[in-house]
Each structure stands twice: as C-alpha cells, then as structure tokens.
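The two chains are supplied separately, each in an independent frame; assemble them into the complex guided by the hints.
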Amino acid sequence: MKVTIKYFASLRELMGESSRIINIDEKSSVDDIWQLLKDSKQVEFDNVMATVNMEYVKNNKVLKEGDEVAFFPPVTGG
Amino acid sequence: MLIEIRKEPFNAYKEIEIYENNLDITGKYGATASFIGSMRDFNEGREVEKMFLEYYPKMTEKTLNEISAIAKKKYDLIEMLLLHRVGNISIGDHIVLVSVWAAHRKEAFEGCRFIMEELKSSAPFWKKEKTSIGENWVEKNTSDV
Numbered sequence: 000m001k002v003t004i005k006y007f008a009s010l011r012e013l014m015g016e017s018s019r020i021i022n023i024d025e026k027s028s029v030d031d032i033w034q035l036l037k038d039s040k041q042v043e044f045d046n047v048m049a050t051v052n053m054e055y056v057k058n059n060k061v062l063k064e065g066d067e068v069a070f071f072p073p074v075t076g077g
Numbered sequence: 000m001l002i003e004i005r006k007e008p009f010n011a012y013k014e015i016e017i018y019e020n021n022l023d024i025t026g027k028y029g030a031t032a033s034f035i036g037s038m039r040d041f042n043e044g045r046e047v048e049k050m051f052l053e054y055y056p057k058m059t060e061k062t063l064n065e066i067s068a069i070a071k072k073k074y075d076l077i078e079m080l081l082l083h084r085v086g087n088i089s090i091g092d093h094i095v096l097v098s099v100w101a102a103h104r105k106e107a108f109e110g111c112r113f114i115m116e117e118l119k120s121s122a123p124f125w126k127k128e129k130t131s132i133g134e135n136w137v138e139k140n141t142s143d144v
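Note that the protein sequences, when read in sequence, are chains A and B. Numbering of the first sequence is given in numbering that gives the first Met the number 0, commencing with residue 0 and proceeding in unit increments. Numbering of the second sequence is given in numbering that gives the first Met the number 0, commencing with residue 0 and proceeding in unit increments.
Calculated directly from the structure, the hints in this document are not laboratory data. Careful: at least some of the hints might be erroneous.
Okay, derived cross-link-like pairs now, DSS-like style, lysine-lysine, Cα gap no bigger than 30 Å in a straight line [to be verified]: (1) B:Lys57 with A:Lys63; (2) A:Lys1 with B:Lys61; (3) B:Lys119 with B:Lys61.
Restraint ranges, calculated between C-beta atoms of paired labels, are given here [as the list claims (entries may be wrong)]: (4) A:Asn59 with B:Glu138: 19 to 27 Å; (5) A:Thr3 with B:Lys105: 38 to 46 Å; (6) B:Gly86 with A:Gly15: 16 to 24 Å; (7) A:Lys57 with B:Ala102: 35 to 43 Å; (8) A:Ser39 with B:Arg39: 32 to 40 Å; (9) A:Tyr55 with B:Phe51: 19 to 27 Å; (10) A:Phe44 with B:Arg104: 41 to 49 Å.
Quick reminder that beta carbons are idealized off the backbone N, C-alpha and C, glycines included.
Pulled out of the complex, with its shape left as it was, chain B reads as follows (with noise of 0.2 Å):
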C-alpha cells in the first residue's frame, strides 16, 4: 500500500505501471480499478485558470491511511496506490490517483469508488480556483457525480 502526498505533477498511467511492477502479487489478483482525478478549466459555469490545492500536513495523511485501511479491511484489497496533489495545479493535472488491487472486479469496483467517496467527504484538502474574476474558495465538492 502506497499513499502519498505529491507537491509536483505526477502521470497517474506511469506512476500505476511502476507501482503494479514493483509489486510481487502476480496470480494473486484478477481485477484493477483506478480512478485518476484531473483538473477541469471549468467549474460551476466559470472558467478557471489555475488552482491552488491546501491540506493539513500529518492530519491529511492520516485521514488517508485511515480510509484506505478500512477500504482494504471491506473490500478484501489486495493492494492499492494511492497519490494526491497539493500546492499549484495547472490544467489537465492529475489531481488524485486511486487504484486498487483484488481477487475480482466486484471488490475493485466498489473499493474503488468508496475510497474516492470517503476521500471527498472527510480528507482535509481544499481547493482555491483562480478565475478571470479572481480567486475562490471552492465552497463544496459536488457530490457523487
């Protein structure tokens, strides 16, 4: 299991290669789901130029480990990556890379998605957007879309 936070750009593809073969699990598992979360130069009808991405250091991580280790408890994950940005984010950047590892695709699926849903609702990150208008807090993530 590998969580990160990532402070420069990260390619989600290569950074999912490398991990799948470092790992010593071939045979073990049938199923890989990752979901790669990219920044967008719109939101909410405005267009957004650049973003900056908070968190609060330690607590971030923990919050992190913390779903991660219940998601492989629930689901029966073999194995998972887990990487996230901070700082300035330029568009078209990976934002958040989750990907997981198990026996079948019912487990991946669904481990997948709750780790991004439970990432969303409680890990401490927020997202100031700067538009042609200036710069905002994003108040709220959407959710469940």
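Looking at chain A on its own, in the form it has when it is part of the complex (with noise of 0.2 Å):
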C-alpha cells in the first residue's frame, strides 16, 4: 500500500528530500517506515516525532493506504 512521507526542519535537509510516496508492507506501524526510511539513508536521528494525517502519534500506529505521515524534530516556534 502507498503512503505519502514529508519531512521538516533539520531532518528535510538531512533525508535530502521533502515528501515522498513509498510502498509498504500492510500493517507497518510508524517506527517500521521511520527505520526503514533512516536506514535507507544511513541517517542517526535522535528525538524525532511523528504525525499521521496531521495528529501526533505513537510510534506503533499502524498505517493505512493514503496516509500522510510526517517525521521532523522538536518543535520551536513562538
């Protein structure tokens, strides 16, 4: 199934992209495509956060076909 990834901030620039859509397997959670996505980049991120369709989740949210999920670091507005 396709899903769509966007990236943000520091993690944009070190993925070298900003979206994407990917296929992946059925019931992969969230943690599954981040480790496959880094280490398909052979990238270390600490403290990253995660959004589906534009809502926090846990990182064992499994996904479903369509879904945006979104990996950036902390936040810092204001």
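This is the structure:
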C-alpha cells in the first residue's frame, strides 16, 4: 500500500528530500517505516517526532493506505 | 477568533488595535492579555543575524485552531487573536502575537499563557538561525521561561 512521507526542518535537510510516496507492507507501523527510511539513508536522528494525517501519534501506530506521515525534529516556534 | 500564519512582517500593537476596534463585544469583557514574541539578536550565547521559520502548512493552522478552541473553553475566553510569522525574519520583527479577551484578568492571563505554552510545545514551527559562524537549526525551545 502507498503512503506519503514528509520531512521538515533539519530532518528534511538530512534526508535530502521533503516528500515522497512509498510502498509499504500492510500493518506497518510508524516506527517500522521510520527504521526503513533512516536505514536507507544511513542517518541517525534522535528525538524524531511523527504525525499521521496531521495528528501526533505513538510510534506503534499502524498505517493505512493513503496516510500522510510526517517526521520532524522537536518544534521550536513562538 | 482570528488565527493566521503571516509571511510578511506585522506590527502586533496595530494588529491588536485593528482587531479590537472591529469586535462587537464592548462592555462584555473586562480584561485583555497579550503576549508578543520578538526576534532577539542573541541566542544561547551567540549573536544571531537573521532567522528562517519553517512550518507544516495546514497542520500548523490546524494545531493552532485546536489549541485556541481548548483555551477558549477552558478559560472562558470571549475573543482571541493569534498571529505567527513564517519565512525570513529580521531582528526586532514580531514573531508571534497572542491576545485574548475575557471577563476577568485571571482567565485572560492564564488563557494567554496556556496558548503560548501549548504553541511552543506542539505547533509545528522550526527556527533556523544565521549566526557569524554559519546557519543552524534551533534544537529546542526554552521551556517555561
């Protein structure tokens, strides 16, 4: 199934892209695909935050077809 | 309630005046509390020359709306104005404005503080600073100070 991946800020620069669509296995979790994505780029990144369809989620959140998954560092607005 | 992401500089004091003048709540509120965040020329011991503020379009607005809705209910706020800059920021620019109108000062102070603290911890914005030694992403917000 397909999901859209987005990266922001320092993580976007580290991954070298802001967005892409990937194919993942059924019942993959946010953490499953984060491990795959960071291993594919051979990057280490502590304190990654994740959202699915613009909602903060836990790492074990199971994804479904068409989800928008965003990874980014801790927020620093205000 | 007005919540906006601004790509151009704004003057927070004028925004408050314009917004309040257009409200039809005269006599309904007795307290207005505002917080204005401005860009400093220093951070963690380094001189900062300029800054870039990135955000997550749609999610940032959604998060700000959710925070404001919770605050409105929790603190019985009558009105609120929330503006936040993105893009290239210069020293002295107003970055964020939170203004709330309530019947009494306790709700106004606490509601304004609540919105700012929630914004700082959950609204998807990221600061990148340019200093004399190069550019760097700000890694964490100062907490509760």
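Hints versus structure:
no. : hint                              : result
1   : B:Lys57 with A:Lys63              : holds, 21 Å
2   : A:Lys1 with B:Lys61               : holds, 24 Å
3   : B:Lys119 with B:Lys61             : holds, 15 Å
4   : A:Asn59 with B:Glu138: 19 to 27 Å : holds, 26 Å
5   : A:Thr3 with B:Lys105: 38 to 46 Å  : holds, 44 Å
6   : B:Gly86 with A:Gly15: 16 to 24 Å  : holds, 22 Å
7   : A:Lys57 with B:Ala102: 35 to 43 Å : holds, 39 Å
8   : A:Ser39 with B:Arg39: 32 to 40 Å  : holds, 39 Å
9   : A:Tyr55 with B:Phe51: 19 to 27 Å  : holds, 24 Å
10  : A:Phe44 with B:Arg104: 41 to 49 Å : holds, 44 Å
Against the hints set out earlier in the document, no violation occurs for any number.
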